[in-house]
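The listed protein sequences correspond, in order, to chains A and B. Under our numbering, the first residue of the first sequence is numbered 967, with each subsequent residue one higher. Under our numbering, the first residue of the second sequence is numbered 59, with each subsequent residue one higher.
Any given hint could turn out to be false.
[To be verified] Pairs of lysine to aspartate or glutamate residues, derived as DMTMM-like cross-links and limited to a Cα-Cα distance of at most 20 Å, are as follows:
no., chain 1, residue 1, chain 2, residue 2
1, B, Lys244, A, Asp1040
2, A, Lys971, A, Asp981
3, A, Lys1085, A, Glu1075
4, A, Lys1067, A, Glu1119
5, B, Lys244, A, Glu1251
6, A, Lys1067, B, Glu229
7, B, Lys281, B, Asp195
8, A, Lys1034, B, Glu229
9, A, Lys1236, A, Asp1309
Hints are computed from structural coordinates only; laboratory data are not their basis.
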Amino acid sequence: MSDLKIDRINKAYGDFKALIDISLDVQNGEFVVLVGPSGCGKSTLLRSIAGLERISSGDIVLGGRSLKNVATRDRNVAMVFQSYALFPHLTVAENIGFGMKIRKRGRPEIEETVTKAAKLLGLHELVGRYPRELSGGQRQRVAMGRAIVRDPEVFLFDEPLSNLDAKLRVQMRTEIKALRQRLGITSIYVTHDQEEAMTLADRIVVMNEGQIEQIGTPLDLYDRPVNLFVAGFMGSPPMNFIPCQRVGDSLSAAGAAIAPSSLPSHLPEKLVLGIRPEALVFDSEGALEGTVEVIEQQGPHTLVIVRLDDGTMVYAQAHKHIRLRFGDAVQLGFDWSDAHLFDGVSGLRIELNKDGR
Amino acid sequence: MLERYLTLALRSIVLGIGVVWSAFPIFMVVSSSFKTPIDIFAYPPKFIAFSPTLENYSTLFRAWPQFISGLWSSLIVTVGATVLTGVVSLMAGYAYSRYQSRWLTLSAFSMILLRMLPPVVVTIPLFPIVNQFRLNDTHALLIMLYAAFFVSLATWILKTFIDQIPRELEEAAEVEGASLLQRLTKIILPLSVHGMVAACVFVVVFAWNEYMFALIFTSSEAKTAPLVLAEITGTLEGVQWGVLFAAATVQLAPILIFVILVQKYIVIGLTAGAVKG
């Protein structure tokens, strides 16, 4: 296991810039998740670390060694692919032991290591089977097994769970988490699923259009997103964005005056107020007025979609027994300590005084 | 209903004619190889040897020792040409499948062009080259010639097979530490083995039976079985038909059995890429 340092790397395909000035330090043993919409460059970044993509400039340093001129096969990284990429003509045991065989390890050593890994992953009864005879979850485990036996410096996961059905995905997510806590492996994990990122990561890297938007712990990103993109990406249902205007010392949103007691000075005129669904409360004294559009029962709670007077749709998470019907007029309130304010033009976060009533 | 029966009947008739057309001569050759000279020319013809004899075979092996060495030559040339074609086509098919460039397109085009020329056209310019490298009457020359003629077809078959192997498998092998050669031998080859067999069948059949190049470029050392067969027909004492048929049977049997065994792969190879799945 080693530290991984990504130093200002760029990757371009012709005129298209897939990665722009990406820098990232990953500590020994850390689990870092790269998350972002499809086409944001997260997979390209992962493949660059593996050497499957050639970077146009910059450097990747693994355990103190620059990987600039190191071929994929000499990088000592392990990778789990989205399609699992199991070798269909080899058995489970042969798949897991493939790397060791290539490295010409002795047969007893391979056998011992493979058996150990298979036991760890609950595959010991399947070692003689071929990939086509396995279920999706079992294939996923074989791919994991192939990665662990290598004892690599870093683990790379490329959307390893996205081919599984929802239930199995949650189960495998838990298994990956348990496994990493057991093995303490430096890992880079790519996903487009923010929930997966939140549950697995020590730190999350949010990417968009080839650039890093924010790096931080899951709660950092959830509680203090640096811009509208991160705020909208992390969390499901997403954060509500309500356009508002600065009017003197006050704010006007959806036709209502809403203001914390102390607004930061030098506010721009156009602003966006961000409030997560769970921070919006149905309150007859609430400042935001609207009508109920959709009601979704979700079990633990009820999700209500409200059309505010200016036409903005917002999600509000309510108690599961709330009594509302389509078309009801409602008032929504919120606590300023739960609110986020963004510059309406640049989209950047504006820091509010946390005690700012 | 009637239409279906008609189609079926028509199909059976056409198929029947085809079978008789191709199998009857073979049947006559094989059965005659077990007949005495009188029975061979009996009229009305005897389709089955009523008093089978191995006389023809013993004469063949006694009087024509060069037939044995011819078979040996044929075997060496066939195996050599097949292996060479297989190795070259696997690598070429891989290159055409995985890489793209103007030069590759050009090389693919010239490879097919060579294949489209009638063999005779290639023969004449070959003479000076063959002489310069002292390749006359060698197995190596025939191996290279036969391989050259089938590399294009084999490459194409293998390319279509390799196209269907996901790149991720190779990437996974690469991450696991496999070199290009190891990827070729441990991933690509085992996963395109059907295509490889299909491609090789064509070379085997061609190399085993080829006459013209062998006639032109060999004289004694590398003389193949088909040439000896031709010699048997042209002896001074007149043609010994029984011996000729025995030789033809010996030459024909292995290739016939081989083709019957691998015919499944011939179909797979010829339809490679034609249907998705």
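20 Å Cα cutoff - pair Lys1085/A, Glu1075/A = 16 Å, holds
Under the criterion that the straight-line Cα-Cα distance not exceed 20 Å, is the pair Lys244/B, Asp1040/A satisfied?
-> This hinted pair holds, its Cα atoms lying about 18 Å apart.
Given the hint that Lys1236/A pairs with Asp1309/A, test it: the Cα-Cα distance must not exceed 20 Å.
-> Holds. Lys1236/A to Asp1309/A sits at ~7 Å (cutoff 20 Å).
Lys971/A paired with Asp981/A [C-alpha distance capped at 20 Å] = Judged against 20 Å, a Cα distance of about 26 Å means the pair is violated.
Between Lys281/B and Asp195/B, is the straight-line Cα distance small enough, at 20 Å or below?
-> 7 Å, holds
Starting from Lys1067/A, check that the Cα of Glu1119/A is at most 20 Å away, please.
-> 19 Å, holds
Satisfaction of hint between Glu229/B and Lys1067/A, Cα-Cα up to 20 Å | 17 Å, holds
Proposed proximity, Glu229/B with Lys1034/A (alpha carbon, max 20 Å) = 18 Å, holds
Compare the distance between the alpha carbons of Lys244/B and Glu1251/A with 20 Å, and conclude whether the hinted pair is satisfied.
-> 71 Å, violated
Hints 2, 5 from the earlier list are contradicted by this structure; the remaining hints agree with it.
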